[in-house]
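Chains as they are written, first to last, in this note's numbering: chain A, 9 to 142; chain B, 9 to 142; chain C, 9 to 142.
A couple of the hints might just be wrong.
As the list claims (entries may be wrong) - Covered by chain A, according to a simulated footprint, are these stretches of chain B (three or more residues, beta-carbon under 8 angstroms):
(1) 17 to 25
(2) 38 to 51
(3) 131 to 137
To be verified - The calculated lysine-lysine pairs, modelled on DSS-like cross-linking and capped at a C-alpha distance of 27 angstroms, are:
(4) B:Lys94 / B:Lys42
(5) A:Lys42 / A:Lys94
(6) C:Lys42 / B:Lys42
(7) C:Lys42 / A:Lys42
(8) C:Lys94 / C:Lys62
(9) A:Lys42 / B:Lys42
(10) A:Lys62 / A:Lys94
(11) C:Lys42 / C:Lys94
(12) B:Lys94 / B:Lys62
Hints listed in this document are in silico derivations from the structure and should not be mistaken for laboratory results.
Small disclaimer: the values here were computed from a predicted structure and weren't measured.
Backbone N, C-alpha and C fix where the C-beta goes; we use that ideal spot for every residue, glycine too.
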Amino acid sequence: MDDSTLSLVLFSGTDDKLNAASVLTAGAAAMGRKVNIFLQYWALDAFRSDTIHKDHGVAPEAGTEGAEAYQRHGGQHWSEIFRQAKDIGEVSIHACSLSMEMFGLTVEDLDPIVDGQEGVASFFMDVDGPVTFI
Amino acid sequence: MDDSTLSLVLFSGTDDKLNAASVLTAGAAAMGRKVNIFLQYWALDAFRSDTIHKDHGVAPEAGTEGAEAYQRHGGQHWSEIFRQAKDIGEVSIHACSLSMEMFGLTVEDLDPIVDGQEGVASFFMDVDGPVTFI
Amino acid sequence: MDDSTLSLVLFSGTDDKLNAASVLTAGAAAMGRKVNIFLQYWALDAFRSDTIHKDHGVAPEAGTEGAEAYQRHGGQHWSEIFRQAKDIGEVSIHACSLSMEMFGLTVEDLDPIVDGQEGVASFFMDVDGPVTFI
Numbered sequence: 009m010d011d012s013t014l015s016l017v018l019f020s021g022t023d024d025k026l027n028a029a030s031v032l033t034a035g036a037a038a039m040g041r042k043v044n045i046f047l048q049y050w051a052l053d054a055f056r057s058d059t060i061h062k063d064h065g066v067a068p069e070a071g072t073e074g075a076e077a078y079q080r081h082g083g084q085h086w087s088e089i090f091r092q093a094k095d096i097g098e099v100s101i102h103a104c105s106l107s108m109e110m111f112g113l114t115v116e117d118l119d120p121i122v123d124g125q126e127g128v129a130s131f132f133m134d135v136d137g138p139v140t141f142i
Numbered sequence: 009m010d011d012s013t014l015s016l017v018l019f020s021g022t023d024d025k026l027n028a029a030s031v032l033t034a035g036a037a038a039m040g041r042k043v044n045i046f047l048q049y050w051a052l053d054a055f056r057s058d059t060i061h062k063d064h065g066v067a068p069e070a071g072t073e074g075a076e077a078y079q080r081h082g083g084q085h086w087s088e089i090f091r092q093a094k095d096i097g098e099v100s101i102h103a104c105s106l107s108m109e110m111f112g113l114t115v116e117d118l119d120p121i122v123d124g125q126e127g128v129a130s131f132f133m134d135v136d137g138p139v140t141f142i
Numbered sequence: 009m010d011d012s013t014l015s016l017v018l019f020s021g022t023d024d025k026l027n028a029a030s031v032l033t034a035g036a037a038a039m040g041r042k043v044n045i046f047l048q049y050w051a052l053d054a055f056r057s058d059t060i061h062k063d064h065g066v067a068p069e070a071g072t073e074g075a076e077a078y079q080r081h082g083g084q085h086w087s088e089i090f091r092q093a094k095d096i097g098e099v100s101i102h103a104c105s106l107s108m109e110m111f112g113l114t115v116e117d118l119d120p121i122v123d124g125q126e127g128v129a130s131f132f133m134d135v136d137g138p139v140t141f142i
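Could you build the full structure based on these sequences and the hints that come with them?
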């Protein structure tokens with residue numbers, strides 16, 4: 009057990025990976041760890057407020073059977089789990105400036121659980137040790 | 009060089025990623041590091057005892073040529089490399105309770121190299137620093 | 009902020025992930041952190057000198073729209089960003105011996121930004137804490 013910050017770089021935007029990321033975030037926050045999240049590429053695109061609840065698919069390897077198991081299982085949406093993690097602990101979510109530019113997005117286009125945008129050097133200023141890439 | 013625990017969250021269930029994960033686990037164990045593995049989603053599904061040796065495919069990006077290079081290369085199955093890592097070092101493998109529920113699995117359905125199941129908060133109690141997500 | 013070594017295992021060989029990895033490497037190097045990179049599988053294959061600048065595709069989840077946004081954005085090639093990161097900081101890039109063997113490659117087949125090859129145990133001798141898997 010440890011109290012260092014958990015630094016997550018979210019790259020993938022499929023619902024299964026974002027769900028896994030949200031569960032890890034909630035678990036870490038529940039154990040009293042600060043969580044520092046940086047959104048890049050397809051993960052950033054998934055946090056657009058107009059499409060955050062649409063179906064973002066699952067990893068191709070899931071296959072039909074896996075995708076059905078995922079849908080059937082239900083449970084809370086990953087955005088809701090991130091929201092709860094922010095309520096119970098110290099969780100910050102920032103969009104990568106370079107990815108924002110690539111998609112032509114502004115902070116107003118993103119769901120309010122995103123705290124703002126920053127560059128990668130700024131992200132690394134808060135990194136305590138290594139980063140987890142999802 | 010370092011003696012902290014290596015905490016791995018395995019998410020992907022393709023043979024190439026599981027092979028990479030098993031090689032990293034064996035390498036870390038050989039260097040005297042404790043390895044703490046948590047199985048989620050498609051990685052968990054790949055550890056079912058009835059299908060662990062079946063073909064789980066490779067990442068789509070491998071293409072036909074890459075997939076053939078992977079098959080041709082042969083070498084030990086990743087489950088065997090995990091087994092050996094457990095023999096040479098302190099390696100624990102736990103299934104994520106939420107994913108178990110999603111697939112309707114019990115511990116008896118899994119290969120005996122899996123030590124049991126636990127929730128994400130329980131996994132984080134043993135985490136020493138960050139986690140590696142594969 | 010932290011001055012421990014960032015240890016990256018690059019597994020994926022698509023241009024979007026390699027671009028993300030190169031940006032994180034440059035960010036970490038700019039903040040004065042040592043970066044220790046280990047190339048496996050499809051990432052290793054992407055560093056072949058004869059094909060490093062060819063199109064390695066993007067993650068399947070990108071879809072047509074995402075792939076177009078990626079292409080349109082332009083920006084520097086990831087190999088150039090890695091090269092600059094090596095200029096500004098202490099960044100080493102080694103190929104995994106097992107993956108070299110799988111693809112039948114020698115160090116001469118790789119782009120000169122790759123410093124050499126090593127086994128996984130040797131990689132872990134330089135690992136300071138956890139590893140980031142991309």
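Evaluation of the provided hints:
Counting residues of the stretch 17 to 25 of chain B whose C-beta sits closer than 8 angstroms to any C-beta of chain A gives 5, which meets the bar of three, so the coverage hint holds. Only residues whose C-beta sits within less than 8 angstroms of a C-beta in chain A count toward coverage, and the stretch 38 to 51 of chain B has 3 of them, enough to reach three; the restraint holds. By the rule of at least three residues with a Cβ nearer than 8 angstroms to a Cβ of chain A, the coverage given for the stretch 131 to 137 of chain B holds, with 7 such residues. Taken as a hint, the Lys94 (chain B) and Lys42 (chain B) pair is honoured in the structure, with Cα atoms around 10 angstroms apart against an allowance of 27 angstroms.
Straight-line distance between C-alpha atoms of Lys42 (chain A) and Lys94 (chain A) comes to about 10 angstroms, which keeps the hinted pair within the 27 angstroms bound. The suggested pairing of Lys42 (chain C) with Lys42 (chain B) holds, with an alpha-carbon distance near 24 angstroms, which does not exceed 27 angstroms. For the suggested pair Lys42 (chain C) and Lys42 (chain A), the alpha carbons sit about 24 angstroms apart, so the restraint of at most 27 angstroms is met. With a C-alpha separation of about 22 angstroms, the suggested pair Lys94 (chain C) and Lys62 (chain C) falls inside the 27 angstroms cut-off, and the hint holds.
Under the criterion of a C-alpha separation no larger than 27 angstroms, the hint pairing Lys42 (chain A) with Lys42 (chain B) is consistent with the structure, at around 24 angstroms. Under the criterion of a C-alpha separation no larger than 27 angstroms, the hint pairing Lys62 (chain A) with Lys94 (chain A) is consistent with the structure, at around 22 angstroms. Restraint check for Lys42 (chain C) and Lys94 (chain C): satisfied, since their Cα atoms lie roughly 10 angstroms apart, inside the 27 angstroms limit. Proximity of Lys94 (chain B) to Lys62 (chain B) is assessed by CA-CA distance (about 22 angstroms); at most 27 angstroms being required, the pair is judged to hold.
Consistency note: the structure conflicts with none of the earlier hints.
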